[in-house]
Amino acid sequence: MNQSRFLLYLGIVSACTALGLFLLNLLPGFQVHAAFAWGTFAFFSLFTLLAFWYGSIAARSTNKHQFTNAFMGLTMIKMLFSLMIIVGYFFLAKPSDKLFIVPFFGIYLIYTVFETALLMKLGRTS
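Numbering of the sequence shown is given in our numbering, commencing with residue 40 and proceeding in unit increments.
Think of the hints as simulated: they come from the structure by calculation, not from any bench. Misleading hints may appear alongside valid ones.
The calculated lysine to any residue pairs, modelled on SDA-like cross-linking and capped at a C-alpha distance of 25 Å, are [as the list claims (entries may be wrong)]:
hint	residue 1	residue 2
1	Lys117	Thr107
2	Lys103	Trp92
3	Lys160	Leu49
4	Lys117	Lys133
5	Lys160	Gln42
6	Lys133	Gly68
7	Lys160	Tyr93
8	Lys103	Ala156
9	Lys133	Trp77
10	Lys117	Phe61
11	Lys103	Thr114
12	Lys103	Phe91
13	Lys117	Trp77
14	Lys137	Gln42
15	Lys160	Phe82
16	Lys117	Ala98
17	Lys160	Phe61
18	Lys117	Ala156
19	Lys160	Trp77
20	Lys117	Leu65
21	Lys160	Thr107
Label pairs and their in silico Cβ distance ranges [unchecked claim]:
hint	residue 1	residue 2	range
22	Gln42	Leu148	35 to 43 Å
23	Arg163	Pro67	42 to 50 Å
24	Trp77	Leu47	18 to 26 Å
25	Leu47	Thr155	12 to 20 Å
26	Ile51	Arg163	15 to 23 Å
27	Asn102	Phe129	35 to 43 Å
28	Val126	Leu148	17 to 25 Å
Every residue gets a Cβ at the ideal spot worked out from N, C-alpha and C, and that includes glycine.
Whole structure, please, built from the sequences with the hints as guidance.
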């Protein structure tokens, strides 16, 4: 996958996610956590850019195992940061309800599926 096609797909996924997030934040229970949801959206968008950049370098490497290591490493780092974001928000913002999890996991799921498909396509490059 070349860079321009990736950016097009990322733009489409991000626009659809932003629209869904905007609509979700119209609901009264989610308005309180809107800043957290938009911050999560920004984090996963930037992380996907990083994953493409690092994955494309690893896919062109002469070391056959570097791409697998990159894929696994990015997955673990993303999980670790996700846990830190949730726990940090929970303890720092002290939300009155648990609804902040809904947009977080929705965005996490959307970008994880997109990133996995992206990295699988990058892995097929020679």
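Hints, one by one, checked against the model:
1. Lys117 with Thr107: holds (15 Å)
2. Lys103 with Trp92: At roughly 17 Å apart (the allowed maximum being 25 Å), tryptophan 92 and lysine 103 satisfy the hint.
3. Lys160 with Leu49: Holds. Lysine 160 to leucine 49 sits at ~14 Å (cutoff 25 Å).
4. Lys117 with Lys133: holds (23 Å)
5. Lys160 with Gln42: holds (12 Å)
6. Lys133 with Gly68: Satisfied, since the Cα-Cα distance of roughly 15 Å is no more than 25 Å.
7. Lys160 with Tyr93: Given that 25 Å is the threshold and the Cα spacing comes to 14 Å, the pair holds.
8. Lys103 with Ala156: Distance ~19 Å between lysine 103 and alanine 156 Cα, so the pair holds.
9. Lys133 with Trp77: Holds, at roughly 18 Å.
10. Lys117 with Phe61: Status holds; Cα separation ~24 Å.
11. Lys103 with Thr114: Cα-Cα ~18 Å, so holds.
12. Lys103 with Phe91: Measuring from Cα to Cα gives roughly 18 Å; hence the hint holds.
13. Lys117 with Trp77: holds (17 Å)
14. Lys137 with Gln42: Measuring from Cα to Cα gives roughly 38 Å; hence the hint is violated.
15. Lys160 with Phe82: holds (22 Å)
16. Lys117 with Ala98: Holds - the C-alpha atoms of alanine 98 and lysine 117 are around 19 Å apart, at most 25 Å.
17. Lys160 with Phe61: Not satisfied, since the Cα-Cα distance of roughly 30 Å exceeds 25 Å.
18. Lys117 with Ala156: Between lysine 117 and alanine 156 the Cα gap is close to 16 Å, so the pair holds against 25 Å.
19. Lys160 with Trp77: Given that 25 Å is the threshold and the Cα spacing comes to 28 Å, the pair is violated.
20. Lys117 with Leu65: violated (28 Å)
21. Lys160 with Thr107: holds (13 Å)
22. Gln42 with Leu148: 35 to 43 Å: violated (25 Å)
23. Arg163 with Pro67: 42 to 50 Å: Since arginine 163 and proline 67 have Cβ atoms about 46 Å apart, the given range 42 to 50 Å holds.
24. Trp77 with Leu47: 18 to 26 Å: Since tryptophan 77 and leucine 47 have Cβ atoms about 23 Å apart, the given range 18 to 26 Å holds.
25. Leu47 with Thr155: 12 to 20 Å: Since leucine 47 and threonine 155 have Cβ atoms about 18 Å apart, the given range 12 to 20 Å holds.
26. Ile51 with Arg163: 15 to 23 Å: holds (21 Å)
27. Asn102 with Phe129: 35 to 43 Å: holds (40 Å)
28. Val126 with Leu148: 17 to 25 Å: holds (19 Å)
The earlier numbered hints that this structure contradicts are 14, 17, 19, 20 and 22.
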